[in-house]
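Undergrad: All chains, please: the whole structure from these sequences, using the hints.
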Amino acid sequence: MNLAEITPGAEGVFAVFRQETKNDPHVHVGDVHAPDAEMALVLAKEQFARRDPCVNLWVVRYADIAATSYRDADMLEPSTDKSYRFGGSYREQQRVYRRR
Amino acid sequence: MTVPPEAADEPEQLGAFEARLAAGDRVEAGEWMPARYRAECLRLIQMHANSELMGALPEREWIPRAPTLARKMALVAKVQDEIGHAQLLYRVAEDLGKPRTQMIEELIAGASKFHNVFHYPAETWADVAIIQVFVDGAAMQTQGSLRSCSYAPYARVLKRICYEEDFHIRLGLDSFRALAEGTPRQRAMLQDALDRWWQPIMHFFGPRDQVSPHLETMMRWRIKVKTNDELRQQFLRQFVPVIQEYGLRVPDPDLRWDETAGQYRYAEPDWEEFRRVIRGEGPRTKARLELRQRYHAQHRWVREAVARWALAA
Numbered sequence: 001m002n003l004a005e006i007t008p009g010a011e012g013v014f015a016v017f018r019q020e021t022k023n024d025p026h027v028h029v030g031d032v033h034a035p036d037a038e039m040a041l042v043l044a045k046e047q048f049a050r051r052d053p054c055v056n057l058w059v060v061r062y063a064d065i066a067a068t069s070y071r072d073a074d075m076l077e078p079s080t081d082k083s084y085r086f087g088g089s090y091r092e093q094q095r096v097y098r099r100r
Numbered sequence: 101m102t103v104p105p106e107a108a109d110e111p112e113q114l115g116a117f118e119a120r121l122a123a124g125d126r127v128e129a130g131e132w133m134p135a136r137y138r139a140e141c142l143r144l145i146q147m148h149a150n151s152e153l154m155g156a157l158p159e160r161e162w163i164p165r166a167p168t169l170a171r172k173m174a175l176v177a178k179v180q181d182e183i184g185h186a187q188l189l190y191r192v193a194e195d196l197g198k199p200r201t202q203m204i205e206e207l208i209a210g211a212s213k214f215h216n217v218f219h220y221p222a223e224t225w226a227d228v229a230i231i232q233v234f235v236d237g238a239a240m241q242t243q244g245s246l247r248s249c250s251y252a253p254y255a256r257v258l259k260r261i262c263y264e265e266d267f268h269i270r271l272g273l274d275s276f277r278a279l280a281e282g283t284p285r286q287r288a289m290l291q292d293a294l295d296r297w298w299q300p301i302m303h304f305f306g307p308r309d310q311v312s313p314h315l316e317t318m319m320r321w322r323i324k325v326k327t328n329d330e331l332r333q334q335f336l337r338q339f340v341p342v343i344q345e346y347g348l349r350v351p352d353p354d355l356r357w358d359e360t361a362g363q364y365r366y367a368e369p370d371w372e373e374f375r376r377v378i379r380g381e382g383p384r385t386k387a388r389l390e391l392r393q394r395y396h397a398q399h400r401w402v403r404e405a406v407a408r409w410a411l412a413a
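So the sequence lines, in the order shown, correspond to chains R and X.
Position one of the first sequence corresponds to residue 1 (this note's numbering), numbered consecutively onward.
Position one of the second sequence corresponds to residue 101 (this note's numbering), numbered consecutively onward.
Quick caveat, the hints were computed from the structure, so don't treat them as lab data.
Hints should not be assumed to be uniformly reliable.
As the list claims (entries may be wrong) - When the alpha-carbon atoms are kept at most 16 Å apart in a straight line, the in silico EDC-like pairs for lysine to aspartate or glutamate are as follows:
1. Lys213/X to Glu381/X
2. Lys386/X to Asp370/X
3. Lys213/X to Glu223/X
4. Lys198/X to Glu11/R
5. Lys326/X to Asp309/X
6. Lys259/X to Asp52/R
Predicted model only: the values in this text are computed from it and were never measured.
TA: In structure tokens, the structure reads:
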């Protein structure tokens, strides 16, 4: 599914992604209506980059964004216990290690 | 744009929806929702969007007359934020099924509502300070509470809106302080503005909620998070001290803190006036709508130029 299909009426809508510094990811901050990408960037600059720091803007047509459905959020849930992937799970071992 | 036909709410779907909300889950634009939930969210967000757009007008009148360049720049930034809020909110509202152009047309035709406070004149420079501190301060109570609204796209834009409203209150307090610590004439002007704005601000939150199945549903669906009087009390606790700190007079002689009840007692405002104003019979309703209509017509060429942009390239 693309976002335009999920969101009826969103033809002509561009999602806006702002990057605060080169060290940050681009983050979806909102949308603009525009006939093309160039105009979308003009409008996005005015609405989403007039105060907050910004080094780069992306605009992407809703129709060009493929998305999972919230209905299927289950499939993103880990199927097994994933605590072994988190450092916090290893505190006991660290204590043992430091004691030596 | 067409609204997808809304199937009559299946009891089974409704049950699953209610269970999701009860578990703290939030609703996204493309998902199934009861027709009434959709309608109530649209009504709330459209009214909020209208209010941002109309709310820019009273202060906008003071941009050319701001007393210093610094105040003028701050005011321009503030007014621009309000228009930006309208853009964010109409974008959220239209995903609930009503095109943005239709919402703008309804607004300028006087067919949809906006907040009572924006139907009043901004007579002096002190009104600007009072609006920024107390009107934005009142709006902040409602909007702050709605950040936990169940309709996720609304809750998300409210984060940015509240951040910017906080800036408006801060710059308002700066103007407020300058006038409150100024000459006797400046203090008198500030007190006069406060006197005139007090009742509309008390009105802002709406009458005390009556217990009703409607209210109960709105709270359960988290389209409303706090009752009108909870929000009014929260506002009074935060802003009555600001008035007192600068030795100004609270315009309600009956206002007092009730220690045992843990809340403010206040004189009941004239609710008849409130109803008149939100019906569109406020002192400045007609003039403000006419201004919007005039600019809407005047700016037609801009909208057309933007739409033709891609063709011209």
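Undergrad: All hints are to be evaluated individually against the structure, with a verdict given for each.
TA: Do the hints match the structure? See the list:
1. Lys213/X to Glu381/X: Within the cut-off at roughly 11 Å; holds.
2. Lys386/X to Asp370/X: Between Lys386/X and Asp370/X the Cα gap is close to 21 Å, so the pair fails against 16 Å, i.e. violated.
3. Lys213/X to Glu223/X: Answer violated: Lys213/X to Glu223/X is near 23 Å, above 16 Å.
4. Lys198/X to Glu11/R: 14 Å, holds
5. Lys326/X to Asp309/X: 10 Å, holds
6. Lys259/X to Asp52/R: Judged against 16 Å, a Cα distance of about 14 Å means the pair holds.
In the structure shown, a violation is registered for the earlier hints numbered 2, 3, in ascending order.
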